[in-house]
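K.L.:
Chain residues, written in single-letter form:
Protein chains: 2
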Amino acid sequence: MNILQQQIKLMKRPLGTPKQEDFEFTQAPIGEPAEGEVLVRTNYISVDPYLRGRMNDVKSYVPPFKLDSVISSGVVAQVVESKSPHFQKNDIVTGMLGWQEYTVAEESAIRKIDTTLAPASAYLSVLGMTGLTAYFGLLEIGQPKKGETVVVSGAAGAVGSVVGQIAKIKGAQVVGIAGSDGKIKYLIDELGFDAAINYKTEDVKTALHKACPNGIDVYFENVGGEIGDAVLPLLNKFARIPVCGAISSYNNEEADIGTRVQGYLIKTSSLMRGFTVGDYASRFREGSEALAGWLKEGKLNYEETVTDGFDHTIDAFLDLFKGANLGKAIVKVSEIE
Amino acid sequence: MNILQQQIKLMKRPLGTPKQEDFEFTQAPIGEPAEGEVLVRTNYISVDPYLRGRMNDVKSYVPPFKLDSVISSGVVAQVVESKSPHFQKNDIVTGMLGWQEYTVAEESAIRKIDTTLAPASAYLSVLGMTGLTAYFGLLEIGQPKKGETVVVSGAAGAVGSVVGQIAKIKGAQVVGIAGSDGKIKYLIDELGFDAAINYKTEDVKTALHKACPNGIDVYFENVGGEIGDAVLPLLNKFARIPVCGAISSYNNEEADIGTRVQGYLIKTSSLMRGFTVGDYASRFREGSEALAGWLKEGKLNYEETVTDGFDHTIDAFLDLFKGANLGKAIVKVSEIE
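If you're matching them up, the sequences are chains F and P in order.
Here this note's numbering is used: the first residue of the first sequence is 1, the next is one more, and so on.
Here this note's numbering is used: the first residue of the second sequence is 1, the next is one more, and so on.
Check each hint, because a few of them may be wrong.
With a straight-line cut-off of 35 Å between C-alpha atoms, the simulated DSBU-like cross-links for lysine-lysine are [claimed, not checked]:
1. K205(F) / K12(P)
2. K200(F) / K299(F)
3. K12(F) / K237(P)
4. K200(P) / K210(P)
Derived by calculation from the structure, the hints in this document are not laboratory data.
Every value quoted in this text rests on a predicted model; they were computed, and no experiment measured them.
From just these sequences and the hints, can you work out the full model?
P.N.:
Have a look at this one:
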């Protein structure tokens with residue numbers, strides 16, 4: 001199949017906020033599947049803040065992207081041709097695949113998804129990595145109890161919105177922090193948060209004080225920076241802080257300087273724990289089943305901000321750092337047939 | 001018993017480093033024990049960095065000291081007169097008692113100690129709160145495993161010196177950070193640390209890099225500040241940081257600003273947990289027995305810096321912030337008879 005397709009490669013390690021010039025659209029042959037391989041057509045690409053970290057050449061929980069190589073992330077795709085007994089033409093699958101229109105994937109790199117339960121794109125959001133991140137981070141590290149106060153930053157994002165809803169399911173008071181009045185309205189009206197703070201128009205310290213009269217028992221950290229700092233004085237005894245993201249600092253060129261946490265942690269015997277969803281890989285089935293169950297029962301809402309067209313993949317990625325997305329940011333590359 | 005004794009009261013909330021003028025020596029009658037009470041003569045007073053926090057008027061794990069009131073801390077004392085069936089004249093006891101020469105204590109506020117196992121003052125150090133702090137903080141939060149690298153700051157202090165020795169007992173590589181060449185020599189020659197860094201004469205980042213070729217699995221935090229910052233880039237995957245103290249910041253008048261931890265915790269799925277020994281109060285017996293066992297077996301050394309005379313109690317307390325003490329700082333008020 002000597003047909004050409006579009007790909008996106010990382011050409012330069014971004015300094016600060018990534019720019020279009022750091023990436024390049026190139027063309028390459030689609031290739032043909034060998035025995036045990038499957039050719040798939042990309043339907044949806046997941047763009048995620050954590051990918052920014054992989055663009056730096058530093059040790060982290062996932063290795064850095066190579067320069068002059070195709071970027072990869074979560075993808076939903078449809079089987080075009082299968083040389084694997086496990087997949088048939090038109091099966092819908094998900095896996096960590098390249099930013100390109102077609103992929104020849106090893107059979108072990110993809111798994112089939114059930115689109116009767118939710119639309120395929122949900123496997124990149126509420127039923128995918130971001131849903132699982134919310135599930136394990138909140139329940140394993142945050143451990144919210146009935147009546148406790150849970151604060152989540154990046155609350156209208158893919159992870160934060162699920163965190164808040166699971167915390168509500170567990171009977172907590174939930175306060176979200178997000179960056180627009182539209183997001184605030186969404187959190188309260190659609191997701192049932194008890195309070196929400198617009199960090200762009202309100203003084204976060206003052207607003208948190210008002211929204212959390214009983215202090216903070218769980219702070220689910222997605223953003224870091226000054227918002228993370230503002231939470232510290234309100235921690236209750238034995239508070240828990242799952243540290244999932246720090247998007248405010250991902251594009252920093254200088255060191256990330258702010259309030260030291262030691263004094264606050266000692267005074268309250270509180271816990272901060274960084275994690276990545278891969279830490280819970282052995283329990284993904286449990287998490288997926290719980291999330292799917294809540295989805296079926298109508299207890300879990302989710303939003304996707306879908307950008308149309310492979311050509312706009314970089315735009316969708318860059319928009320993450322402007323807080324443009326409500327819920328999960330996804331690029332739609334082609335229709336499912 | 002209308003005899004007068006010396007007491008030390010807190011008169012002003014210190015701004016920054018406490019000064020002599022913040023305290024006052026006063027005289028008061030000794031008083032007489034009622035039924036269920038015991039009159040004790042103070043032998044040893046424990047001076048501890050955490051007391052600085054209690055001198056501020058802020059919410060913490062222990063309530064602030066009241067102004068114009070006698071300061072209290074761990075004390076070893078001898079029974080002068082008992083109106084309790086549980087205590088006899090000359091029994092040696094310990095408890096949280098006032099900075100004064102004599103105390104009329106409720107029987108429930110003191111407990112007898114066994115001076116055949118160790119000298120009485122050890123119940124303010126290795127067999128007392130600081131030993132238990134090291135024991136629970138290291139083993140419950142730090143959880144060092146054989147062959148792992150454990151770094152401890154304030155390593156020649158009352159808590160740090162026990163932390164390092166327990167880590168050695170558990171088979172870890174132990175690196176201490178302390179503030180004089182004498183302390184460094186003590187850590188290596190007397191306590192068996194594998195390496196030690198003098199933060200006053202060495203660049204801590206460079207020295208840590210050299211002393212920890214396999215990264216850091218456990219960092220026992222006693223000091224905070226720039227030393228705490230320097231550890232972060234060396235954390236291994238799933239590292240643990242028991243946060244016990246932050247003495248570098250206790251006298252800060254401004255906010256404690258430094259490296260934000262979020263990014264480091266995420267990259268390594270690491271844990272920071274503040275604690276205070278009281279969190280483990282229900283398990284003090286277990287801790288005391290383990291410490292006493294290691295002491296008997298000769299596996300645990302300890303030092304005390306003993307300041308002689310009640311008149312010098314404030315001096316001994318202020319010396320803590322100059323790093324003057326090796327091991328536990330204690331004031332000897334009177335001989336045991």
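K.L.:
Mind checking the alpha carbons of K205(F) and K12(P) for me, to see if they're no more than 35 Å apart?
P.N.:
holds, 29 Å
K.L.:
Tell me if the straight-line CA distance from K200(F) to K299(F) falls inside 35 Å.
P.N.:
holds, 29 Å
K.L.:
Just to be careful, I want the Cα atoms of K12(F) and K237(P) compared with a cutoff of 35 Å; is the pair within it?
P.N.:
holds, 27 Å
K.L.:
Between K200(P) and K210(P), is the straight-line Cα distance small enough, at 35 Å or below?
P.N.:
Holds, because 17 Å separates the two Cα atoms, which is no more than 35 Å.
Checked against the numbered hints above, the structure violates none of them.
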